[in-house]
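Peer 1: Here are the chains, one letter per residue:
Protein chains: 4
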Amino acid sequence: MRAAVVTAFDKPLEIQELPVPEPGPDQVLVRIEASGLCHTDIHAARGDWPVKPAPPFTPGHEGVGIVEKVGSAVTGRTVGERVAIPWLGYACGTCSYCVSGRETLCEAQLNTGYALDGGHAEYAVAHAAYVVPVPEGITPAEAAPLTCAGVTTYKAVKVSGVRPAERAAIFGIGGLGHLAQQYAQIFGAETVAVDITEDKLRLARDLGAAHTVNAATGDPVAEIQALGGADVAIVLAASPRVLEQAHASLRRGGRLVLVSLPKDNAMRLPVFETVLGGISVIGSIVGTRADLAEVFQLHAAGRTRVGYETRKLEEINQSFEEILSSEVTARLVFEL
Amino acid sequence: MRAAVVTAFDKPLEIQELPVPEPGPDQVLVRIEASGLCHTDIHAARGDWPVKPAPPFTPGHEGVGIVEKVGSAVTGRTVGERVAIPWLGYACGTCSYCVSGRETLCEAQLNTGYALDGGHAEYAVAHAAYVVPVPEGITPAEAAPLTCAGVTTYKAVKVSGVRPAERAAIFGIGGLGHLAQQYAQIFGAETVAVDITEDKLRLARDLGAAHTVNAATGDPVAEIQALGGADVAIVLAASPRVLEQAHASLRRGGRLVLVSLPKDNAMRLPVFETVLGGISVIGSIVGTRADLAEVFQLHAAGRTRVGYETRKLEEINQSFEEILSSEVTARLVFEL
Amino acid sequence: MRAAVVTAFDKPLEIQELPVPEPGPDQVLVRIEASGLCHTDIHAARGDWPVKPAPPFTPGHEGVGIVEKVGSAVTGRTVGERVAIPWLGYACGTCSYCVSGRETLCEAQLNTGYALDGGHAEYAVAHAAYVVPVPEGITPAEAAPLTCAGVTTYKAVKVSGVRPAERAAIFGIGGLGHLAQQYAQIFGAETVAVDITEDKLRLARDLGAAHTVNAATGDPVAEIQALGGADVAIVLAASPRVLEQAHASLRRGGRLVLVSLPKDNAMRLPVFETVLGGISVIGSIVGTRADLAEVFQLHAAGRTRVGYETRKLEEINQSFEEILSSEVTARLVFEL
Amino acid sequence: MRAAVVTAFDKPLEIQELPVPEPGPDQVLVRIEASGLCHTDIHAARGDWPVKPAPPFTPGHEGVGIVEKVGSAVTGRTVGERVAIPWLGYACGTCSYCVSGRETLCEAQLNTGYALDGGHAEYAVAHAAYVVPVPEGITPAEAAPLTCAGVTTYKAVKVSGVRPAERAAIFGIGGLGHLAQQYAQIFGAETVAVDITEDKLRLARDLGAAHTVNAATGDPVAEIQALGGADVAIVLAASPRVLEQAHASLRRGGRLVLVSLPKDNAMRLPVFETVLGGISVIGSIVGTRADLAEVFQLHAAGRTRVGYETRKLEEINQSFEEILSSEVTARLVFEL
Ligand SMILES: [Zn+2]
Ligand SMILES: [Zn+2]
Ligand SMILES: [Zn+2]
Ligand SMILES: [Zn+2]
Ligand SMILES: [Zn+2]
Ligand SMILES: [Zn+2]
Ligand SMILES: [Zn+2]
Ligand SMILES: [Zn+2]
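Chains as they are written, first to last, in our numbering: chain A, 1 to 336; chain B, 337 to 672; chain C, 673 to 1008; chain D, 1009 to 1344.
If you are wondering where the hints come from, they were derived from the structure by calculation, not from laboratory data. Certain hints may be false.
Derived pair list, reagent style DSSO-like, types lysine-lysine, alpha-carbon separation capped at 30 Å [to be verified]:
(1) K830/C / K158/A
(2) K1271/D / K1320/D
(3) K158/A / K494/B
(4) K683/C / K830/C
(5) K263/A / K69/A
(6) K494/B / K347/B
(7) K52/A / K200/A
(8) K69/A / K11/A
(9) K1271/D / K1077/D
(10) K935/C / K1077/D
(11) K935/C / K830/C
(12) K1019/D / K1077/D
(13) K599/B / K347/B
(14) K11/A / K312/A
(15) K158/A / K1166/D
(16) K347/B / K405/B
(17) K1077/D / K1320/D
(18) K494/B / K1320/D
(19) K1077/D / K830/C
(20) K1166/D / K1320/D
(21) K599/B / K263/A
(22) K1060/D / K1320/D
(23) K724/C / K984/C
(24) K494/B / K935/C
In this text the structure is predicted, and so the values were computed from the model without any measurement.
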């Protein structure tokens, strides 16, 4: 099978011909149909983060495909079924996080496309209990971005506690933001979309944003405060300055949800405003299998639209460059 | 009557002889028996904060005393009753915050000892609906510190969501911290007390702390993480470094509650750890009348101990110095 | 002014000519434009409930109109403004319920059209703090049903905790049910509408129901369980049998919200299924001023449709009969 | 090994000599040290419930003992460790309930001592992921009652949402009730104990009850309402009349938690009071592995006292009679 392989953090990925892997007793073998490209893949391939993966490995945690084999101990999954292989490739299943509905915090978790070989290949093995079935009526190319971009923004909206008659400001309407906006609306909120290009603001309006702010030409803090302030701000743009604007756009009792990781890993949190305003800042990381099942269910019910562009696996290195140069804003999906 | 009056932000307070004020239709006149000194009084007297009070005024928002007169439209309060006059001197009663149980966020609020003359005087008038009855069995000198220090830490513990079988770390065991620790225990938590003097750690142990850490000689982050990390950290020490230690002492899913206002008003929030750890940072500001009633109820039931030292009103300027020099750690209470 | 007056529980209402009332210091005088007829008005007029109103009185707690006078102590309301006068005509503002966002539980509350003269008249006085402004773009005739039917069902949906990717079953698609369904959808739920006439089920489908069940010809429990069961069931039909069906249609972890009051005031609660299924049964009573403001905000934003028919005040006795005979299912609104 | 075996629903249990079972790949073999007797064991042995177990089988879901063997695929458990084998013997680990922290609602669950052979034997096999380690400092005889009676009442208190400055009424101070009372106190509540014997009320006072009511000689509804009503009522006595008293003892906003299963499986729920009082009735069924770990942690920290009496396994049939005749009120524990 062909696989995109990281051989070293300072080298481009190689498309290698590798043997199709064999699933262990608790695993399934999945023939990948589509695999979405997440910014995290680039961090993985370059070893950007403190705990690094071990080359050679195949990145990708938005792999979607058909189960071709099931391990001897697998129950619940069957050959021929379409599944998604998300970031949470394995968790212990017994720690206090796993048992209390917070499996994405499991200290023993293994992540797909990082500690485990991922979806940027023709085949992948995955722990059967951690793949999520893709319901009828969702194409592989749509399911792929939902598998990380979708569930991550869905979870961010969920933990924000946003509800009808509240206002949610979404900072950054790209591959993640256009989904965050839709989920905020599904939770009943009025949305304000903030971005720096008119294209994306137009998309936000098409998707139902009540207000849009062009942060290149206007002041999002002033404009959102003029509306009465945001109850919730969700930040998909990885810049400390945007984080601070998002905080400043909140009304009292507001909640700022952090999803993206800025380069220098720091936000200057204004303590006075946080305390007097009764503001919460909430870190949110991907979502559980149950969250992903909900994401798929909402899409199958026609509640969301997914923007994406397709690429060939052979284009993976150029695709990295496209993302880094912000040439594309929709999710890139490798079709296999 | 005698009153401690701020005449200018750069002058000491004066003890002046003023006429006893007359309550308006919705107000009560309270003969003050005890009035606690809060660090906020010093900020008020010096005009430290962006929105400043207007001299001349009398600070104090822990005034406790006996109702001597009630205004013509007052219902619910009666002459002879003991009441406390807290920081929230007035709120609009009709905005979304007031109606939804978050009156301390009311944009129209007036604060006692700041916008309204406060408790550091022999008499004070107060909006009848915003004083809170002090139940039998609580002395004025105990009730005073509960009126701000008590309810502020009680609320901080409440919004932390801490519960039995969780671990709460309290950073700073002074006038606020020794109460925060007790409330965390009443909510069922195991507590870790962090301070830099053995005296205070001894007090914390007396009050039931399961663990204590001397941050002058040890590393609170390492010691708390060795216990498994804190589910909740409450910071009463107004230093950015302590805020960062408190954040770092959390386990995944942990919650950091901000109460104190550091000098330069900024905390460096580590975004990566906040997102990956699913951590929340929660600003908490005093508490509602209902919270204060609960604080009194718990004290009347014998569930809390209040540390305080008494002073004369004439000693108010020296008392400010005592606090600023950290000579005393218990709450100072003026007896009148 | 003309007013519909209950003179005795066993007599029809009389249309009397009464002097226009004078607002007290904390009250407003409202010139009524539209006043919705709620089933509770009939219970009030007939003295059906244990705590009875005292004739003569004017029922009506969906009165909408223009402020014509404000009392001397009123702040916040101005002459010329459109307001609604809901069931919660007055609450104490200081008890634990009022202060914690649950004013509809206040033991000292006074109810409009019951303890206080209500909206079925050309003018009404109301406590200024408890009227709710009607935003631009909502007609009086639409605002009226929202003032009780709207906020009651909105609150029922709110306390149900329903959220996206959950299924809500609405039992009874009449004046309340068609609103409950819309609110459940605004909170993100997939809805199942249950009724016994095809007309109402057609309305439910128009409003976006994913499924409908005709309980006259089919078995709602079997049909809803075939879908996977309901996460939430909201019962607007005042029959013990429907309550029991609603309970039986829940999936594990489901929540049954009680709103309507059946004749004999009893539901047979199956304890085994409640315990094993981890089911909650939640009583919900109208909503707060904040809830009503949200209801208006959602309608002004075009998120809800209100079904109603207009009547003349003189037709009030016939209108009672229409409701009792189930001839109409939409809300009746008196235009004044 | 010796095991207590149900051979038919209408016969006494037999003590049989059976081969020691062999653990499957995901199982452990536990040498039982103590096994608590729960009323559910009697229902299991007599086939009282709609879904019946299949004789021959061994009841018991409070088995505590030492791991003697681990299956080939087991991780996390080691030989020599002390564990408890609770009612939730197996759950699927992947359904929406399992993944969202509500594994006790899993539709695929298998229950110990019911579908799976249980703890009333010298050895038991158990699914490794569903046993819970017993920490140092807890004896097997104490751990046993905590494994069902403890976690069941702990969960009931947890779902009640009770908190400091609230009042919890516990109806029935027996093997479950004395634990429910302690947990309510650990969550910060003031407790009222209701029972019909002075012995148990004395125990309740020893354990810290603020009030006790003898329901044989007094009226619990009147006495609790005289205190201000209960915020929470937890019913461990399986009688419809007690359920109705518990409901009537609530104040507005109160929550009634159902745990016990009355004979005729019905409670008459007063709808009017439930709706007007904003009351919730909450079914609660045992607890998760995480809940049980918390129960053990609290006991190891010295926060709870467990009342029990020991019996020999051979006395199981007499022990059933003792429980049915209410001769004993403490938990009976077989020592092996
Ligand atoms: Zn990703
Ligand atoms: Zn885990
Ligand atoms: Zn203060
Ligand atoms: Zn307000
Ligand atoms: Zn009504
Ligand atoms: Zn009230
Ligand atoms: Zn049991
Ligand atoms: Zn399951």
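Peer 1: If a hint holds in the structure, say so; if it does not, say that too.
Peer 2: Taking the hints in turn, this is what the structure says about them:
Pair hint K830/C plus K158/A holds up; C-alpha atoms about 15 Å apart against a cutoff of 30 Å. With a CA separation close to 29 Å, the supplied pair K1271/D and K1320/D stays within the 30 Å bound. About 22 Å separates the Cα atoms of K158/A and K494/B, which keeps this hinted pair within 30 Å; it holds. Simply put, K683/C and K830/C have alpha-carbon atoms about 38 Å apart, too far for the 30 Å limit, and the pair is violated.
About 41 Å separates the Cα atoms of K263/A and K69/A, which puts this hinted pair outside 30 Å; it is violated. Among the hinted pairs, K494/B with K347/B is inconsistent with the structure: their alpha-carbon atoms are about 38 Å apart, more than 30 Å. Between the alpha carbons of K52/A and K200/A the distance comes to roughly 34 Å, so the proposed pair goes past 30 Å and is violated. Proposed proximity of K69/A and K11/A is contradicted: the alpha carbons are some 33 Å apart, above 30 Å.
Pair hint K1271/D plus K1077/D does not hold up; C-alpha atoms about 41 Å apart against a cutoff of 30 Å. Proximity of K935/C to K1077/D is assessed by CA-CA distance (about 62 Å); at most 30 Å being required, the pair is judged violated. Distance hint between K935/C and K830/C is fulfilled; the C-alpha atoms sit about 25 Å from each other, no more than 30 Å. In summary, the hint linking K1019/D to K1077/D is not supported, as the alpha carbons are separated by about 33 Å, beyond the 30 Å threshold.
Restraint check for K599/B and K347/B: satisfied, since their Cα atoms lie roughly 21 Å apart, inside the 30 Å limit. For a cut-off of 30 Å, the pair hint linking K11/A to K312/A stands: about 19 Å separates their Cα positions. A C-alpha spacing of about 22 Å is found between K158/A and K1166/D, which places the hinted pair at or below 30 Å, so the restraint holds. For the proposed pair K347/B and K405/B, the alpha carbon gap of about 33 Å is over 30 Å, so the pair is violated.
Distance hint between K1077/D and K1320/D is fulfilled; the C-alpha atoms sit about 25 Å from each other, no more than 30 Å. Proposed proximity of K494/B and K1320/D is contradicted: the alpha carbons are some 47 Å apart, above 30 Å. Taking the CA atoms of K1077/D and K830/C, the gap is near 51 Å; set against the 30 Å cutoff, the hint is violated. Restraint check: the Cα-Cα separation between K1166/D and K1320/D comes to about 34 Å, which exceeds 30 Å; the hinted pair is violated.
Distance hint between K599/B and K263/A is fulfilled; the C-alpha atoms sit about 27 Å from each other, no more than 30 Å. At roughly 26 Å between alpha-carbon atoms, K1060/D and K1320/D fall within 30 Å of each other, so this suggested pair holds. The hinted pair formed by K724/C and K984/C meets the criterion: a straight-line CA distance of about 26 Å does not exceed 30 Å. As the CA atoms of K494/B and K935/C are separated by approximately 41 Å, the hinted pair breaks the 30 Å bound.
The structure fails to meet hints 4, 5, 6, 7, 8, 9, 10, 12, 16, 18, 19, 20, 24 from the earlier list, while all remaining hints are met.
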